[in-house]
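> Sequence:
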Amino acid sequence: MNKFKWVIGLLFLLVLTSCSSTNRELSPGNFAGFAPDGYMVVSTRVELDGKLDDLVIENGVMLSIRLAKGTESVEIYIIKFDKTGNASSFWYSWGQLNFNDLKVALSAIPGLYGELNGNTGSGYIESWLSGKWIYVFRGEKDSVKKTVKTFKEYKKEMEKSIES
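Positions -23 to -1, 1 to 141 (mature numbering (1 follows the signal peptide of the UniProt record, and there is no 0)) are the ones given, in order, by the sequence shown.
To be clear, the hints were calculated from the coordinates, so they are not data collected in a lab. Hints are not guaranteed to be accurate.
[Unchecked claim] Listed next, the in silico BS3-like pairs over lysine-lysine satisfying Cα-Cα at most 25 Å (straight line): (1) LYS109 with LYS132; (2) LYS80 with LYS123; (3) LYS109 with LYS126; (4) LYS60 with LYS129; (5) LYS60 with LYS118; (6) LYS137 with LYS126; (7) LYS123 with LYS133; (8) LYS123 with LYS46; (9) LYS118 with LYS129; (10) LYS118 with LYS137; (11) LYS46 with LYS60; (12) LYS28 with LYS80; (13) LYS129 with LYS80; (14) LYS122 with LYS80; (15) LYS109 with LYS80; (16) LYS109 with LYS46; (17) LYS28 with LYS109; (18) LYS129 with LYS46; (19) LYS133 with LYS122; (20) LYS60 with LYS132; (21) LYS60 with LYS28; (22) LYS122 with LYS60; (23) LYS118 with LYS80; (24) LYS46 with LYS137; (25) LYS137 with LYS122; (26) LYS80 with LYS126; (27) LYS109 with LYS137; (28) LYS133 with LYS109; (29) LYS132 with LYS28; (30) LYS28 with LYS137; (31) LYS109 with LYS129; (32) LYS60 with LYS109.
I would like the entire structure built from these sequences, with the hints used as guidance.
Put into structure tokens, the structure is as follows:
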């Protein structure tokens, strides 16, 4: 009888652990399907340790999406690093290539959050750092602002679907 209780307990434990949810994490590739209304996806690419503005991304995965709508285009770069320290280091290095040093120095709380927005030689940029993640949107100002708003809604829905 003791063996029977032990086997039932073991089966119950097995059922309980097999039904538990697994914690899935988002990766940049999860956002490859992002395509705002009215835009044509020109290219989508996911790569390990790629480059952004000729700056090498080490220990990270980058998704790049190029969108077009008439004569307007928007470039999107979503990067996830293995560590927040790597993301912060890249953030400051990349920021200095596109913005002035003071703006970059004041742009973030390392490892937590930061923002850099404004006109640059390569167009209007709206970007943010969030933990291990960096998001960069570049193009004409109105197009970038609308695309960022749509992306943030898309991202929120994506995060909900991963959690459930």
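> Does the structure keep LYS46 and LYS137 at a Cα separation of 25 Å or less?
violated, 29 Å
> Hey, LYS109 versus LYS137, does the alpha-carbon distance stay inside 25 Å?
Roughly 19 Å between the alpha carbons, so the hint for LYS109 and LYS137 holds.
> For the pair supplied as a hint, LYS118 and LYS129, confirm whether the alpha-carbon distance does not exceed 25 Å.
holds, 17 Å
> Would you check the hint for LYS60 and LYS129, treating anything up to 25 Å between C-alpha atoms as holding?
Roughly 23 Å between the alpha carbons, so the hint for LYS60 and LYS129 holds.
> Holds or violated: are the alpha carbons of LYS129 and LYS80 at most 25 Å from each other?
holds, 24 Å
> Are LYS137 and LYS122 close enough, with their CA atoms no more than 25 Å apart?
Holds, at about 23 Å.
> Please work out if LYS28 and LYS80 have their alpha carbons no farther apart than 25 Å.
holds, 23 Å
> With a cut-off of 25 Å on the C-alpha distance, tell me whether LYS28 and LYS137 pass.
Given pair LYS28, LYS137 is violated - Cα atoms ~30 Å apart, limit 25 Å.
> For LYS129 and LYS46, compute the direct alpha-carbon distance and say whether it is at most 25 Å.
Holds: LYS129 and LYS46 sit about 19 Å apart, inside 25 Å.
> Holds or violated: LYS122 with LYS80, Cα cutoff 25 Å?
holds, 20 Å
> If you draw a straight line from the CA of LYS46 to the CA of LYS60, is it 25 Å or shorter?
Violated: LYS46 and LYS60 sit about 35 Å apart, past 25 Å.
> Mind checking the alpha carbons of LYS123 and LYS46 for me, to see if they're no more than 25 Å apart?
holds, 12 Å
Hints 5, 10, 11, 16, 22, 24, 30 from the earlier list are contradicted by this structure; the remaining hints agree with it.
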